[in-house]
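Anchor point for the sequence shown: position 35 equals 35 in the UniProt record's numbering, and the numbering is continuous, going up by one each time.
Because the hints were derived from the structure by calculation, they are not lab data. Keep in mind that the hints are not guaranteed to be accurate.
For each label pair, taking beta carbons as the anchor points, the in silico distance ranges come out as [said to hold, decoys possible]:
id	residue 1	residue 2	range
1	199	3	34 to 40 Å
2	76	184	35 to 41 Å
3	41	169	20 to 26 Å
4	69	206	23 to 29 Å
5	166	1	17 to 23 Å
6	115	11	39 to 45 Å
Idealized CB from N, CA, C, for every residue including glycine.
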Amino acid sequence: MDWSALFVSLRLAFGTCLILLPVGLWLGRRLARMQRRRALVEALVALPLVMPPTVLGFYLMLAFAGDGPVGGFWASLTGTSLNFSFTGILLASLVVNLPFAVQPIQRAFEAVPETLREAAWCSGLSTRQTFWRIELPLVRSGVVSALALTFAHTLGEFGVILMVGGAIDGETRTLAIAIYDRVQAFDEAGAGRMSALLLGISFLTIGVVYGLSRRGGRRHG
């Protein structure tokens, strides 16, 4: 087992989930209630799902370069490069995983009846209080699904991370990249152990998502 690569993968997955959780809550709620230009915003959010990882990674690599719009700004602030750094793969992971964080939460907010919000407002609750006391408990399953999908997908992401970060040991070399390296070195046993770990995480994630979906369906039935 490549423990260094596993640590980088877990650090990346937890960081991605931590940052995307508030983004997913805000954007998912806005999309659920949006009337105008909703299709355009939904298409932009879902774009990473249909773009080939190497294409998305290529454009992110250009954007993160020292003369790129994002990389140049970052270099002027910190004097460091985004490409081939942990910060760079974290930003790339946020872009890649945005639809996994937003879409389950959006669907959960869409299932909350508007009359429930109106009743809360008539009872004297403010918009913020309605969100925390009424809406958030009702979309809990969507939030958990979003976190599970984002976490698992981050652990398995390969193309974009390799394009942006390369394979620097202890910095950008994730478990998925380590598996590829082991296969290239004909170490099938090592690759098999790490692949089994990712397979187990993926299976557990699917079980969580389907279990929450079934529970939510019974509750609303």
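Check: Against which earlier hints does the structure fall short, listed by number upward?
Finding: 1, 3, 4
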